[in-house]
Amino acid sequence: MSAGARYLAGMTGIAVLAVAGGLVLPPVWQPGWWLALGITLAIQGPLGWWLMTSLGTERFLVVWVIGILGRLGLVGVTALVVIPALKWPAAPALLALAAFLGASLAVEGIVSTLSHSRARVR
Numbered sequence: 565m566s567a568g569a570r571y572l573a574g575m576t577g578i579a580v581l582a583v584a585g586g587l588v589l590p591p592v593w594q595p596g597w598w599l600a601l602g603i604t605l606a607i608q609g610p611l612g613w614w615l616m617t618s619l620g621t622e623r624f625l626v627v628w629v630i631g632i633l634g635r636l637g638l639v640g641v642t643a644l645v646v647i648p649a650l651k652w653p654a655a656p657a658l659l660a661l662a663a664f665l666g667a668s669l670a671v672e673g674i675v676s677t678l679s680h681s682r683a684r685v686r
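Numbering-wise (this note's numbering), the sequence shown opens with residue 565 and increments by one.
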């Protein structure tokens with residue numbers, strides 16, 4: 565299985581679990597939850613895919629740094645611009661966004677490790 569296929573499977577798993585979780589949340593948490601899920605899939609999905617395509621290349625570290633900075637910027641813009649503009653409570657969206665971004669970062673790490681763990685260990 566390729567790194568891209570593993571990444572897609574991992575992100576699909578995150579999305580399925582997030583949708584299931586969102587269906588049982590209290591109504592006050594749901595708008596922020598869905599916003600965070602949409603932002604994560606729209607922004608983190610392509611960033612992670614870009615990282616997966618750079619595995620084993622010289623540009624990997626640059627792509628990884630851009631991805632981390634992109635995530636930090638995404639949280640900042642969401643916290644300082646999007647949430648206040650919508651006049652929503654910050655906690656539901658920001659906690660969900662942090663959780664979804666953390667989970668997707670874990671998927672990237674797992675996929676990267678699996679892609680480079682083919683070396684024989686003595």
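Incorrect hints may appear among the rest.
What the hints assert, rightly or not - Calculated cross-link-like contacts (lysine to any residue; reagent style SDA-like; alpha-carbon spacing at most 25 Å):
| # | residue 1 | residue 2 |
| --- | --- | --- |
| 1 | Lys651 | Leu669 |
| 2 | Lys651 | Gln594 |
| 3 | Lys651 | Leu665 |
| 4 | Lys651 | Trp628 |
Unchecked claim - Distance ranges between label pairs, derived from CB positions:
| # | residue 1 | residue 2 | range |
| --- | --- | --- | --- |
| 5 | Val580 | Leu658 | 16 to 26 Å |
| 6 | Val626 | Thr677 | 33 to 43 Å |
| 7 | Ile630 | Pro591 | 11 to 21 Å |
| 8 | Val588 | Gly620 | 32 to 42 Å |
| 9 | Met565 | Leu658 | 29 to 39 Å |
| 10 | Val588 | Val646 | 34 to 44 Å |
| 11 | Trp614 | Ala579 | 14 to 24 Å |
| 12 | Gly602 | Ala569 | 18 to 28 Å |
| 13 | Ala606 | Thr677 | 24 to 34 Å |
Don't read these hints as lab results, they were simulated from the structure.
Think of the CB as a built atom: it goes at the ideal place given N, C-alpha and C, for glycine as much as any other residue.
Going straight from one Cα to the other, do Lys651 and Leu665 come out at no more than 25 Å? With Cα atoms ~22 Å apart, Lys651 and Leu665 stay inside 25 Å; holds.
Hint check for Thr677 and Val626 - Cβ pair distance inside 33 to 43 Å: violated, 20 Å
Given the hint of 14 to 24 Å, check if Trp614 and Ala579 actually sit that far apart at their C-beta atoms. holds, 18 Å
Does the Cβ pair Gly602, Ala569 satisfy 18 to 28 Å? This hint holds: roughly 23 Å between Cβ atoms.
Determine whether the Cβ-Cβ distance between Ala606 and Thr677 falls within the hinted range of 24 to 34 Å. Given a distance of about 26 Å, which is inside 24 to 34 Å, the answer is holds.
Given the hinted pair Lys651 and Gln594, is their alpha-carbon gap at most 25 Å? The hint holds at about 14 Å.
Distance restraint evaluation - Val588, Gly620, Cβ atoms, bounds 32 to 42 Å: Between Val588 and Gly620, where Cβ atoms are some 41 Å apart, the hint holds.
Just tell me: holds or violated, for the beta carbon distance of Met565 and Leu658 against 29 to 39 Å? With Cβ atoms ~34 Å apart, the hint holds.
25 Å limit on alpha-carbon distance, applied to hinted pair Lys651 and Leu669: Violated - the C-alpha atoms of Leu669 and Lys651 are around 28 Å apart, more than 25 Å.
Could one say that the CB atoms of Val580 and Leu658 fall in the range 16 to 26 Å? holds, 22 Å
Confirm or reject the claim that Val588 and Val646 have a C-beta distance inside 34 to 44 Å. violated, 24 Å
May I ask you to test the hint 11 to 21 Å on the CB atoms belonging to Ile630 and Pro591? For Pro591 against Ile630, whose Cβ atoms are near 37 Å apart, the range 11 to 21 Å is violated.
Of the numbered hints listed earlier, those contradicted by the structure are 1, 4, 6, 7, 10.
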